[in-house]
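A.B. asks: Each chain, written out:
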Amino acid sequence: MAEDNREPPAGAGTLREALRALLPHRKEELVPELGEKVERSVVQLLWEAAELFCGGRRSECLQASEAILDYSWEKLNTGPWQDVHKDWRRVYAFGCLLKAVCLFEEPGDSAAVAAALKACDMGLLMGAAIHGDILIKVAAVLQAHLPSAKRPGPGLAEEQPSMKKARDDCVSVPDVASERLVPRLRCPSLQHFRKQFLVPGRPVILEGVADQWPCMTKWSLEYIQDIAGCRTVPVEVGSRYTDEDWSQTLMTVDEFISRYVRSESKDVGYLAQHQLFDQIPELKRDISIPDYCCLGDGEEEEITINAWFGPQGTVSPLHQDPQQNFLVQVIGRKYIRLYSPQESEALYPHETHLLHNTSQRIGRQ
Amino acid sequence: MAEERRGSWFGFGFCGFGQALGSGRGRQVHSPEPLRTPGAGADVRRVSASWSYTAVVTRGGQVQLSGAADGAAGGCRDAWASEALLVVLRAGRGLGPGPELQAWAPGSALRGEPLWTHTLVPEAEGADGAGGEAQAGALPLLPGARAYVSPRPPFYRPLAPELRARRLELGAEHALLLDEAGQVFSWGQGRHGQLGHGTLEAEPEPRLLEALQGLPMAEVAAGGWHSVCVSETGDIYIWGWNESGQLALPTRSLSEDGKTVAREGEASGLNEGGPEVRRTAGGEEGAPAPFIALQPFPALLDLPGGADAVKASCGSRHTAVVTRTGELYTWGWGKYGQLGHKGTTSLDRPRRVEYFVDKQLQVRAVSCGLWNTYVCAVERGES
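So the protein lines, in turn, are chains A and B.
Take the first sequence: its position 293, counting from 1, is numbered 292 in numbering that gives the first Met the number 0, and each next residue is one higher.
Take the second sequence: its position 313, counting from 1, is numbered 312 in numbering that gives the first Met the number 0, and each next residue is one higher.
Chain A on its own, in the form it takes in the complex (with noise of 0.2 Å):
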């Protein structure tokens, strides 16, 4: 990239077409179609700023942007997630989108880029999809001139293998010889899954299903860090969610690894539960969906697909989750422990509705 700050650099001109290209040109395209719910205050607003983008008066754009930031920000954290009007998404995401596209249009530099792409997240994370998931494109066209020079040095790979390995002997195997072991199939036929596990509601490990999927070969650390290593995610910290110091926060995937994964943090830092590959369909090429998924009630749209990317030492307490679901094992391992809905009674859920589908038991899991 060049280093004269008085021009920008070569590839801005190139950006800002690409940006520009992906966005309605007209303002009466630019604005989402919204709902009663929306205050006329805010579309206003709304009007107001794809206006001024349209006008091209972009830095009066960000600060509308940031104005309908701040502003679906607090409606996004008004009353219970699940019932937070989706047209305050909506607004949410423009305002990142509005923000991502100006904050680019300062005189170039890799931290505009960086903090716009941070924007893009930020929408993809907490918005609703918009103008057929501009978002993504917008951040595939920022990620592609984000220069690597903001990536983490290689020297800083070339210590892990020693380091890992040695983590790695001192790990503790939980003995597993004394408690009842999951079945083990080799790719069943669909009719005998659903027969002998899915109706009649039992666990079963199924081997073979994956092992042509590109990410059992493609994915590693250094890879992980390539393709999304600039994205943000939601990250926990803290041993386990029943814990009192437990907290959730926001970091790019490269900063999740250089201080959770690869480096000997005291606090375990653990991306989980997160539908990542929503947020980056990059890595959702190197994934299928087993067809067994397709014999559960529901549409296909409400398959969902989340990704857990932690250290050892990872702990996520005794729980019920919602839906039928299966776990891929891509790098590394993890000990499972099942009770039957049977034995529900002595699992002791908490009484806070935040935690209900969590045992008080101290099972490590």
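It is worth saying that the hints were derived from the structure and are not from the lab.
Treat the hints with caution; some may be incorrect.
Unchecked claim - Over 10 Å on every C-beta distance to chain B, these chain A residues come out as not near it, computed from the model:
#1 Leu22
#2 Arg39
#3 Val41
#4 Glu65
#5 Ala66
#6 Pro79
#7 Ala113
#8 Lys136
#9 Ala139
#10 Lys194
#11 Leu205
#12 Glu263
#13 Lys283
#14 Arg284
#15 Ser287
#16 Leu326
As the list claims (entries may be wrong) - Quick partial rundown of chain B residues pointing at chain A, CB under 8 Å, derived from the structure:
#17 Gly15
#18 Gly17
#19 Arg26
#20 His29
#21 Ser30
#22 Glu32
#23 Pro33
#24 Trp50
#25 Glu172
#26 Gln188
#27 Ala292
Bear in mind the structure is a predicted one, so any value in this text is a computation, not a measurement.
Using N, Cα and C, we set each Cβ at its ideal position, and we do this for glycine too.
Mind docking chain B on chain A? Use the hints.
C.D. replies: Chain B in isolation, oriented as in the chain A frame:
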């Protein structure tokens, strides 16, 4: 019910819709500026600010709007501004001697017909010894304290008569009530600790703040997700969400970002499966302070120099307090200049607004909009 003393009004913070806030130039005012209201500026009895507009009520009974909503009307004793509704208490419009509660769409400019009205029974006023005059300025609590107004339906909400409400404040998802005996009640959503009962559970009905029992309170104030009350002896108790330092407790977002404002990212709702519990307060004096995201039960807050507080008001994520000696302290979210310290830095500890000290003004009252702050002050030397 404290009256607004005669004085001059000042404003600072967000004015992106052109609402009355000093010069009215630009979208933000970072240091207090005198309010320019048409008519007698010194005659302002109450200021009620919503996000996109501000309502000013004068002693002459005029309500004046500025910002995304404008217009004016007479015969008005009290007004309360929210984005969804402008609520006005007007002297009876001929249907009877009782005042009429009117709810207007803010965009109507107070012309045409209100969205709905409710005639208040005259006997309800003064039943508890408080005159109708003193009750005005209490919206969203209605005169007679039998009910309050909500910006969300149902708009008219009765209160149990045994509550004997003196003052009522609404946050984004909770309500605070101060009764005649100085007891505080709270209800609504509790996920940010704003109810003060020590849990994150919601309360459907007003529940007494047991932690404050026996400590008579003089004032309550509700922010978006936090609560403040001031005792008769001048102590401040504060609880709820501290994501921008609005509780004057150390917050992670400010320490990590240095001078910049709190990250947008600290919002909840990201993890549908797991809970949204954050670290709660240690609550011990003298222990090294950990970062505090939520404070689910009241914490005592000391102002610098041990000053006594007399008034408090909260914006969505900031807090403002007036002291007995006429100083104004603000803290919390500062991105739009709503703290009045000439910048946009957020603060997690109280700081005095020097403007009023420099101008030899004694602050008498404060009223916060979501992202701005209005202050009433008099020249020092006047009583």
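A.B. asks: So, for every hint listed, does it hold in this structure?
C.D. replies: Quick rundown of the hints versus the structure:
Residue placement check: Leu22 of chain A keeps its beta carbon more than 10 Å from all beta carbons of chain B (closest about 22 Å). With a least beta-carbon separation of about 5 Å from chain B, Arg39 of chain A fails to lie farther than 10 Å from that chain, contradicting its non-interface assignment. For Val41 of chain A, the non-interface assignment is contradicted: its Cβ lies about 8 Å from the closest Cβ of chain B, within the 10 Å cut-off. Consistency note on Glu65 of chain A: stated as away from chain B, yet its beta-carbon is not over 10 Å from all of that chain's, at 8 Å minimum.
Not every Cβ of chain B is farther than 10 Å from the Cβ of Ala66 of chain A; the closest lies at roughly 5 Å, contradicting the non-interface assignment. Not every C-beta of chain B lies more than 10 Å from that of Pro79 of chain A, the closest at about 8 Å, which undercuts listing it as non-interface. No Cβ of chain B comes within 10 Å of the Cβ of Ala113 of chain A; the nearest lies about 14 Å off, and the non-interface call holds. No beta-carbon of chain B is positioned within 10 Å of the beta-carbon of Lys136 of chain A; the least distance is around 22 Å.
Look at Ala139 of chain A: its CB is around 21 Å from the nearest CB on chain B, clear of 10 Å, so calling it non-interface holds up. Every CB of chain B lies more than 10 Å from the CB of Lys194 of chain A, the least distance being 29 Å, so the non-interface label holds. The Cβ of Leu205 of chain A sits about 23 Å from the closest Cβ of chain B, beyond the 10 Å cut-off, so the non-interface label holds. The Cβ of Glu263 of chain A lies farther than 10 Å from every Cβ of chain B, with a closest approach of about 21 Å, so its non-interface assignment holds.
Annotated as non-interface, Lys283 of chain A keeps its C-beta farther than 10 Å from every C-beta of chain B; the closest such distance is 19 Å. Distance check for Arg284 of chain A against chain B: the nearest CB is about 24 Å away, which clears 10 Å, and the non-interface claim stands. With 10 Å as the threshold on Cβ separation, the claim that Ser287 of chain A sits away from chain B holds: the shortest Cβ distance comes to roughly 23 Å. Annotated as non-interface, Leu326 of chain A keeps its C-beta farther than 10 Å from every C-beta of chain B; the closest such distance is 13 Å.
With 8 Å as the threshold, the beta carbon of Gly15 of chain B comes within range of chain A, its nearest partner Cβ sitting at about 5 Å, so the hint holds. A least Cβ separation of about 11 Å between Gly17 of chain B and chain A goes past the 8 Å threshold, and the interface hint is therefore violated. Proximity of Arg26 of chain B to chain A holds as hinted, the smallest CB-CB distance being about 6 Å (cut-off 8 Å). A cut of 8 Å between beta carbons decides the hint on His29 of chain B: the least distance to chain A is about 14 Å, and the hint is violated.
A hinted interface residue such as Ser30 of chain B counts as satisfied when its beta carbon comes closer than 8 Å to some beta carbon of chain A; here the least separation is about 19 Å, so the hint is violated. Among the interface hints, the one on Glu32 of chain B is violated; its C-beta lies about 19 Å from the nearest C-beta in chain A, farther than the 8 Å criterion. Hint status for Pro33 of chain B: violated, given a least beta-carbon distance of 24 Å to chain A, over 8 Å. At its closest, the beta carbon of Trp50 of chain B sits 6 Å from a beta carbon of chain A; the interface hint therefore holds under the 8 Å criterion.
Residue-level restraint check for Glu172 of chain B holds (minimum Cβ-Cβ distance to chain A is 5 Å; threshold 8 Å). At a threshold of 8 Å, the smallest CB-CB gap from Gln188 of chain B to chain A is about 6 Å, leaving the interface hint in force. A hinted interface residue such as Ala292 of chain B counts as satisfied when its beta carbon comes closer than 8 Å to some beta carbon of chain A; here the least separation is about 7 Å, so the hint holds.
Hints 2, 3, 4, 5, 6, 18, 20, 21, 22, 23 from the earlier list are contradicted by this structure; the remaining hints agree with it.
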